[in-house]
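Generate coordinates for the entire structure from the input sequences, incorporating the hints supplied.
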Amino acid sequence: MSAHYARALLLFQQARHELAEEEFRLALAEDPNNAMGHAMLGLCLARRERYDEAGREAAEAVQREPDEPFVHYAAASIFNDRGRFNEAEAAVSEAIRLDPNDADYHALLGQIRLNRRDWPGALEAAEEGLRLDPENSDCLNLRAMALIKLGRKAEAGATLESALADDPENAVTHANQGWALLQQRKPNEAMEHFREASRP
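Per the numbering used here, the very first residue in the sequence shown carries number -4; after that it's consecutive.
It should be emphasised that the hints constitute simulated quantities derived from the structure, not laboratory data. Hints are supplied without guarantee of correctness; some may be wrong.
[Claimed, not checked] Below are the DMTMM-like pairs computed for lysine to aspartate or glutamate, each with C-alpha atoms no more than 20 angstroms apart in a straight line: (1) Lys148 x Glu122; (2) Lys148 x Glu187; (3) Lys148 x Glu184; (4) Lys144 x Glu164; (5) Lys144 x Glu123; (6) Lys148 x Asp113.
If you want it as structure tokens, here you go:
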């Protein structure tokens, strides 16, 4: 792994996408055939809402290494961000076909299905991800959201309580718990979780 690529990954994890983009481009100048570099640059560009460029980088990554599951995951994430849910589901399904044991791939499938308002499908994907990694916070949150949409509020609340026990500072989980409590007509408790979700 080049120094530029390592720096780019760190910057990406810190959500410093402009600087990460520069480092990914420097890494790709050294190794233009690096499919993972193209995939990560695509994700970085998508975070900066430069979707056309992001899509080109994802396509380049898939072309260079079609048997690498992560490049399909990156393409799916970019399609999902653009609201192109059919293409997103096809891409993440290919990632899952290549590596069925990655809970994050199932989480993205669940998110895509949630965006398509396919609540049972979202729940199925989240539960498969949780079978692989019972503490995956994305899958826990997706499971809870799908359960809420399916009218199974008590199960959703239990899922969110479990998620908060594992990660008490997860803003997304607090926000979801707030929405779940609002639907249970508990506005004061909901506000506590919304406040937690909005803390820096």
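Outcome of the hint check:
1. With a C-alpha separation of about 16 angstroms, the suggested pair Lys148 and Glu122 falls inside the 20 angstroms cut-off, and the hint holds.
2. As the CA atoms of Lys148 and Glu187 are separated by approximately 18 angstroms, the hinted pair is consistent with the 20 angstroms bound.
3. This hinted pair checks out: Lys148 and Glu184 have alpha carbons roughly 15 angstroms apart, not beyond 20 angstroms.
4. Among the hinted pairs, Lys144 with Glu164 is inconsistent with the structure: their alpha-carbon atoms are about 24 angstroms apart, more than 20 angstroms.
5. At roughly 18 angstroms between alpha-carbon atoms, Lys144 and Glu123 fall within 20 angstroms of each other, so this suggested pair holds.
6. Simply put, Lys148 and Asp113 have alpha-carbon atoms about 17 angstroms apart, close enough for the 20 angstroms limit, and the pair holds.
Consistency with the previously given hints fails for number 4 only.
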